Amino acid sequence: MGSGQLPLKEDAIPTNSVLMQILIWNCRGAANPAFRRHFPELIHQYKPEMVIITETRIGGERATKASANLGFTKVAISDSVGFAGGIWLLWNEDDLQCDVLDLLIRISRILLIRQLQWPLSVPLRMLIIPTSRLRFGFQVEGHTVAQPPSDSVSSLAFSPKGNFLVATSWDNQVRCWEIMRNGTTVGSVPKASMSHDQPVLCSTWKDDGTTVFSGGCDKQVKMWPLGAQPVTVAMHDAPVKDIAWIPEMNLLVSGSWDKTLRYWDLRQSTPVHTQQLPERCYSISVRHPLMVVGTADRNLIVFNLQNPQTEFKRITSPLKYQTRCVAAFPDQQGFLVGSIEGRVGVHHLDESQQAKNFTFKCHREGNEIYSVNSLDFHPVHHTFATAGSDGAFNFWDKDSKQRLKAMSRCSQPIPCSAFNSDGSIYAYAVCYDWSKGAENHNPATAKTNIFLHLPQESEVKGKPRTGTSGRK
Numbered sequence: 001m002g003s004g005q006l007p008l009k010e011d012a013i014p015t016n017s018v019l020m021q022i023l024i025w026n027c028r029g030a031a032n033p034a035f036r037r038h039f040p041e042l043i044h045q046y047k048p049e050m051v052i053i054t055e056t057r058i059g060g061e062r063a064t065k066a067s068a069n070l071g072f073t074k075v076a077i078s079d080s081v082g083f084a085g086g087i088w089l090l091w092n093e094d095d096l097q098c099d100v101l102d103l104l105i106r107i108s109r110i111l112l113i114r115q116l117q118w119p120l121s122v123p124l125r126m127l128i129i130p131t132s133r134l135r136f137g138f139q140v141e142g143h144t145v146a147q148p149p150s151d152s153v154s155s156l157a158f159s160p161k162g163n164f165l166v167a168t169s170w171d172n173q174v175r176c177w178e179i180m181r182n183g184t185t186v187g188s189v190p191k192a193s194m195s196h197d198q199p200v201l202c203s204t205w206k207d208d209g210t211t212v213f214s215g216g217c218d219k220q221v222k223m224w225p226l227g228a229q230p231v232t233v234a235m236h237d238a239p240v241k242d243i244a245w246i247p248e249m250n251l252l253v254s255g256s257w258d259k260t261l262r263y264w265d266l267r268q269s270t271p272v273h274t275q276q277l278p279e280r281c282y283s284i285s286v287r288h289p290l291m292v293v294g295t296a297d298r299n300l301i302v303f304n305l306q307n308p309q310t311e312f313k314r315i316t317s318p319l320k321y322q323t324r325c326v327a328a329f330p331d332q333q334g335f336l337v338g339s340i341e342g343r344v345g346v347h348h349l350d351e352s353q354q355a356k357n358f359t360f361k362c363h364r365e366g367n368e369i370y371s372v373n374s375l376d377f378h379p380v381h382h383t384f385a386t387a388g389s390d391g392a393f394n395f396w397d398k399d400s401k402q403r404l405k406a407m408s409r410c411s412q413p414i415p416c417s418a419f420n421s422d423g424s425i426y427a428y429a430v431c432y433d434w435s436k437g438a439e440n441h442n443p444a445t446a447k448t449n450i451f452l453h454l455p456q457e458s459e460v461k462g463k464p465r466t467g468t469s470g471r472k
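Mapping the sequence shown onto full-length UniProt numbering, position 95 (from 1) lands on 95, and the numbers just tick up by one.
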C-alpha cells in the first residue's frame with residue numbers, strides 16, 4: 001500500500017482487473033452517536049469493498065460489539081490506548097479474501113498495515129474521509145506518562161509545590177514522575193520509586209512538596225522523602241484505604257478498613273488520637289477545618305478539625321448505593337459524594353442552604369450504569385471533574401448545575417485522577433478497576449496507562465446557566 005499506488009489513473013488499470021475501493025476514515029470516536037449516523041451514509045455513497053476506521057478510541061468487548069453491527073462479515077481490531085488510537089479493518093469475505101498479519105495504530109496517529117494480503121491483480125482506490133467534513137468528534141490530547149505501572153493504578157496525586165506526579169499501584173509500587181510542559185507539549189520523566197509489601201491503595205503529599213505518604217494492604221503508611229529511604233509512620237489492623245496530610249495541624253490522618261481514623265504526629269510511633277468509625281473507611285477529603293469521611297453502609301461523617309475528637313455531623317448518603325468517593329468544597333461549606341450507581345450528590349452543611357442540595361446522574365450509557373470513581377475540584381475555578389468506570393471524565397459546575405465538557409470514553413475504566421496545583425494539567429489512569437472481580441482480570445495482558453489532559457479554560461471555568469433555572 002505504498003504511496004506509488006496513489007493516485008490511481010483509470011487508464012492504468014489492467015483490463016482484466018476489477019477496481020477495488022477502500023474507505024479510510026478517521027472517525028475520532030466510534031462510540032460517538034454521530035459515528036453510527038454517518039457510517040451507513042458513507043457506505044451507501046462510496047460502496048467500498050474494504051473500510052479502515054482509525055481513532056476508534058474504544059477497545060475490548062465494546063469494540064467487538066460495536067464493530068459487529070456495521071454490516072461487514074469480517075472485522076480485524078486493534079484496540080485503542082486511552083483517548084488515542086484504535087483501528088478497525090472491515091470487509092465481506094464473499095467479496096474479498098484477506099489475511100491480516102499485523103494491524104497497528106500508534107499514538108501519533110500514523111497508520112501501519114503490514115503485509116496486508118489480497119490478490120495483487122486488484123488495483124486499489126483510496127477514499128480518505130477527513131473527520132472535519134462531518135463536523136463531529138472531540139479534540140483531545142493523548143499525552144502518556146512514561147513507564148507506567150505494571151498493574152492497575154489505585155491513586156494519583158500531584159505535588160502542591162510543582163509538577164511532580166505520584167501514582168500508587170496494585171503492583172506494590174509507588175512511582176514518581178516529573179511532568180514538564182511547554183505550551184501544548186507535555187513530557188514526563190520517571191524520577192524514583194519505592195515498594196510496599198502488598199498492593200498500595202492511597203497517596204498524598206506533605207505541604208513541603210517533597211515528601212510523599214502512601215498506604216495500602218500491608219496495613220501501614222510509609223513516609224517517603226524523595227531522594228531518601230521510606231520509613232513507616234503509621235499502622236492499622238486492616239488495609240489503609242485513604243490518607244490526608246493536614247498542614248494546619250501538622251498531622252497525618254489515615255482511614256482504614258479496621259473502622260478507625262487515626263491521627264499521627266510524625267515525631268511519635270503511636271497515634272495521637274483514634275476515632276472509631278461506624279464502618280470501613282472508603283474515602284477521606286480535607287479542606288481545613290472541614291473533613292469528610294465516607295464509609296461502608298453509606299455513612300458520611302463530617303468533622304470540624306478544630307475539635308477532631310468529636311463528630312460534627314453524621315448523615316446517610318443522599319445516594320442509594322455504595323459510596324465510592326467524597327470531595328470537600330474548596331470553601332468548606334459542603335461536599336460532593338459519588339457512588340457506584342453513576343450518580344453524584346451535592347450537599348451543603350448549613351441548614352439554611354439545604355434547598356441547594358441536589359443529585360445528578362452521570363457515567364451512564366443507555367441501560368449501562370458505571371461507578372463514579374473520582375471527584376476532583378479545580379484549584380482555581382472550583383468547578384470539578386468526575387471520572388468513572390465507563391472510561392470517561394467530565395467537567396461540571398455545581399453552582400449553575402451544568403456539565404461544562406463531556407470527554408469521549410477510553411477503552412478501559414478510569415479508577416483515579418488528579419489536577420496539578422494550578423489546574424493546568426489533569427492526570428487520569430486508564431486500567432482495570434476491579435469492578436468485575438479478579439476473574440475478569442489478567443495482569444499478563446492488561447494494559448495500564450496514565451494520561452495527561454491539558455484543560456482549556458472553556459472546559460473548567462464556571463459559567464451562568466442559560467435558559468431556565470432550577471435543577472438539571
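Derived by calculation from the structure, the hints in this document are not laboratory data. One or more hints might be untrue.
Stated by the list, open to error - Within a straight-line C-alpha distance of at most 20 angstroms, the following computed EDC-like cross-link-like pairs (lysine to aspartate or glutamate) qualify:
| # | residue 1 | residue 2 |
| --- | --- | --- |
| 1 | Lys361 | Glu311 |
| 2 | Lys74 | Asp94 |
| 3 | Lys405 | Glu439 |
| 4 | Lys461 | Asp331 |
| 5 | Lys436 | Asp151 |
| 6 | Lys259 | Asp237 |
| 7 | Lys259 | Glu248 |
| 8 | Lys361 | Asp331 |
| 9 | Lys401 | Glu457 |
| 10 | Lys320 | Glu368 |
| 11 | Lys206 | Glu279 |
| 12 | Lys161 | Glu279 |
| 13 | Lys463 | Glu439 |
| 14 | Lys219 | Glu311 |
| 15 | Lys398 | Glu368 |
| 16 | Lys191 | Asp151 |
| 17 | Lys447 | Asp237 |
| 18 | Lys259 | Glu341 |
| 19 | Lys401 | Asp350 |
| 20 | Lys463 | Asp399 |
| 21 | Lys47 | Asp79 |
| 22 | Lys219 | Asp258 |
| 23 | Lys461 | Asp397 |
| 24 | Lys161 | Glu93 |
| 25 | Lys191 | Asp208 |
| 26 | Lys401 | Glu311 |
| 27 | Lys161 | Glu365 |
| 28 | Lys436 | Asp171 |
| 29 | Lys259 | Glu279 |
| 30 | Lys447 | Asp208 |
Please read these numbers as outputs of a predicted model, since none were measured by experiment.
Going through the hints against the structure:
{"no.": "1", "hint": "Lys361 - Glu311", "verdict": "violated, 29 angstroms"}
{"no.": "2", "hint": "Lys74 - Asp94", "verdict": "holds, 10 angstroms"}
{"no.": "3", "hint": "Lys405 - Glu439", "verdict": "violated, 34 angstroms"}
{"no.": "4", "hint": "Lys461 - Asp331", "verdict": "holds, 17 angstroms"}
{"no.": "5", "hint": "Lys436 - Asp151", "verdict": "holds, 16 angstroms"}
{"no.": "6", "hint": "Lys259 - Asp237", "verdict": "holds, 9 angstroms"}
{"no.": "7", "hint": "Lys259 - Glu248", "verdict": "violated, 25 angstroms"}
{"no.": "8", "hint": "Lys361 - Asp331", "verdict": "violated, 24 angstroms"}
{"no.": "9", "hint": "Lys401 - Glu457", "verdict": "holds, 18 angstroms"}
{"no.": "10", "hint": "Lys320 - Glu368", "verdict": "holds, 17 angstroms"}
{"no.": "11", "hint": "Lys206 - Glu279", "verdict": "violated, 27 angstroms"}
{"no.": "12", "hint": "Lys161 - Glu279", "verdict": "violated, 34 angstroms"}
{"no.": "13", "hint": "Lys463 - Glu439", "verdict": "violated, 44 angstroms"}
{"no.": "14", "hint": "Lys219 - Glu311", "verdict": "violated, 24 angstroms"}
{"no.": "15", "hint": "Lys398 - Glu368", "verdict": "violated, 24 angstroms"}
{"no.": "16", "hint": "Lys191 - Asp151", "verdict": "holds, 19 angstroms"}
{"no.": "17", "hint": "Lys447 - Asp237", "verdict": "violated, 32 angstroms"}
{"no.": "18", "hint": "Lys259 - Glu341", "verdict": "violated, 23 angstroms"}
{"no.": "19", "hint": "Lys401 - Asp350", "verdict": "holds, 19 angstroms"}
{"no.": "20", "hint": "Lys463 - Asp399", "verdict": "holds, 9 angstroms"}
{"no.": "21", "hint": "Lys47 - Asp79", "verdict": "violated, 26 angstroms"}
{"no.": "22", "hint": "Lys219 - Asp258", "verdict": "holds, 9 angstroms"}
{"no.": "23", "hint": "Lys461 - Asp397", "verdict": "holds, 8 angstroms"}
{"no.": "24", "hint": "Lys161 - Glu93", "verdict": "violated, 58 angstroms"}
{"no.": "25", "hint": "Lys191 - Asp208", "verdict": "holds, 18 angstroms"}
{"no.": "26", "hint": "Lys401 - Glu311", "verdict": "violated, 30 angstroms"}
{"no.": "27", "hint": "Lys161 - Glu365", "verdict": "violated, 38 angstroms"}
{"no.": "28", "hint": "Lys436 - Asp171", "verdict": "holds, 19 angstroms"}
{"no.": "29", "hint": "Lys259 - Glu279", "verdict": "holds, 5 angstroms"}
{"no.": "30", "hint": "Lys447 - Asp208", "verdict": "violated, 33 angstroms"}
Against the hints set out earlier in the document, violations occur for numbers 1, 3, 7, 8, 11, 12, 13, 14, 15, 17, 18, 21, 24, 26, 27, 30.
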